[in-house]
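So you can see what is in the structure, the chains are spelled out below.
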Amino acid sequence: MTLRIQARLSAALLLALAAGAAAAADGSTGKKGVIWESTSSMEVSGMSMPPQTIRNCAPEGDWKEPPTSQPPDAKCKVTDVKQSGKTTTWKMACDGEEKMTGTGSMTRDGDAYRGTMNITSASGTMQMKLSGRKIGGACELGKPVAGDARQAEMMARMEQSKQGMARQLEKECKGAVKQMNPAMFLMQGAVTCQGTPHQAEFCKRLQTDEGFRKASRAGEENLEKAAKLCDVDLAAMRARTCAAAVKAKDLAVLGASCPAERKALAQKECAGKEDSNLSPALRDFCLRHGKELLVQDPKARSKKKGAAEEAEPEPKEGAVDQSKKALKGILGF
Amino acid sequence: MPSFLALALALAAAASPDVALPDPFPAVSASTYLVAVDGRERWGRSPEAPRLPASLTKIMTALLLLEERWDPAAIVTVSARAAREGGRRLGLRAGEQLTARDALRAMLIGSANDACLALAEQAAGSEAAFVSRMNRRAAALGLRATGFDNPCGHDGPGQRSSARDLAALARAALAIPEFRQTVGAARVTVATLGGRRFALPTHNPLVGRVEGVRGVKTGWTPGAGKCLVVLAERQGREVLVVLLGAPDRFWNAAGLVELAFEQTDG
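So the protein sequences, as listed, match chains A and B.
Numbered per the numbering used here, the first sequence spans residues 87 to 419.
Numbered per the numbering used here, the second sequence spans residues 430 to 695.
None of these hints come from the bench; they were simulated from the model.
Positions of the beta carbon are idealized from the N, C-alpha and C atoms, including for glycine.
Among the clues, some could well be false.
Claimed, not checked - Ranges between beta-carbon positions, derived for each pair:
#1 A:S127 <-> B:A615: 57 to 67 Å
#2 A:M273 <-> B:R663: 20 to 30 Å
#3 A:A330 <-> B:R663: 48 to 58 Å
Unchecked claim - What the simulated footprint calls covered on chain B by chain A, stretch by stretch (three residues with Cβ under 8 Å from a Cβ of chain A suffice, anywhere in the stretch; the number is not a length):
#4 484 to 490
#5 549 to 555
#6 613 to 622
#7 675 to 682
Stated by the list, open to error - Every beta carbon over 10 Å from chain B, so not counted as near; a handful from chain A, in silico:
#8 E146
#9 K163
#10 V164
#11 A179
#12 D197
#13 G201
#14 N204
#15 T206
#16 G223
#17 M251
#18 T282
#19 D295
#20 A352
#21 R374
#22 H375
#23 G376
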């Protein structure tokens, strides 16, 4: 379990405890509660962390739900909540940057409780011991308890960090749509523009020639992911865009996403021409696709051998010739 | 018995240095070529055949200079003969001086024949004496198809080498850090002691554009055609490509580098 995940989980658990089992951690509920003091201590993969104590606001009376947590980038579900006498047990599973599963148990005895949570992720195990006692005094659920500066600071810091992350994501997503960069838009892990309001614009632009051309520059794998996200017919879009790329002399798109046109272009424009006679863009194209001049068409090769070998995916029959015709006279370099 | 015969033939073939290498890319437009991965020959076409090596000759010139009492700060004086050298040249004047390091860089990056001859004359006293050393060194390296008439790569009856020999020669030179560092440069600036400055971009467009390419040497003469030795390194693996008489040397080398990394095992 990474230190970042540990720290986030620990902070989130404490906040959940602080906010009270029935209260949202990020705001007031308007409901009244009673002040408790909660202590948690963690052992991560055999290593003990110092205990932390905070004052929190818990509902009056019996708690019906266990004090679980929602790490900032996790989606946790609590299942199998069972109560037996004074003891509540539950299971927990979180998706997010790092998947986690866990079990918890808490025994409430009047004005005190004691419990444990065992959490497992790909990078290790964490055991958290929880205990608390009622201090008394009125408070508002979901709000820091007056006088608990540490809790208030922790909540403020989390809120700040959440806002900062949201601002950063907004900036990244706007940039990704502007550049039509699928790699940037999809990103990795929990931080992604997928599902944000920017997705509609990204997908709309992906279906334009200009947007598709730009997106093609991110490479085939990213383009496929983007097409899947936007439910776009990649083959049809490619055919239309490659024809447009030939007209626009867009070597980057031809190089990245138009195999038939690329081979024809490499044969027409690179073969027999020395570096110094070419434009810088075409020289780069010839270097990047030099192997197009070397690798034979699999169909021609198998015909020559007369062997029944399984052919690799290839352009439609005659596609190279058609592309050659299309390129002829259009590319003026 | 037949299986014993097959084994014996296989062993005999493996022992022979002249075993034909596969040439899986007949579209390589070269009279002869060789691709070696991590020092092992993988693909080629007549790699043993002697051909005119053009300026790839300068790899041997550099090797000899760097192996024999090399002093990069030594002053090289350009002779009248060196100043008259044809082909690619800096345009050095008779009597001009420059450091041995700058002359070496001009020879390897700019392929400057005037700097090349000036270095050879300075090192051995005369061009002929230097050429004798080159031929002795070629023999010592076991370069059976190699011989030299001149140190700079002009076509001549005794000027010859093969793709296989040039690969071995390049490997020997690349073992010297100064050679390796110099041939990998995309651009150098050299100056005479009199203050004339020359900006020399590499003639190898693969440097800085094809991942991992560390340069080495280009060459061209009317007799040899276009020639190239190129080294590429990726993730601890090394591909060396030699192309002689190759009209599409740069595109073919770029393609062979990619294919070698893709299709051969580590």
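Contradicted hints - numbers only: Of the numbered hints, 3, 4, 5, 6, 20, 21, 22 and 23 do not hold.
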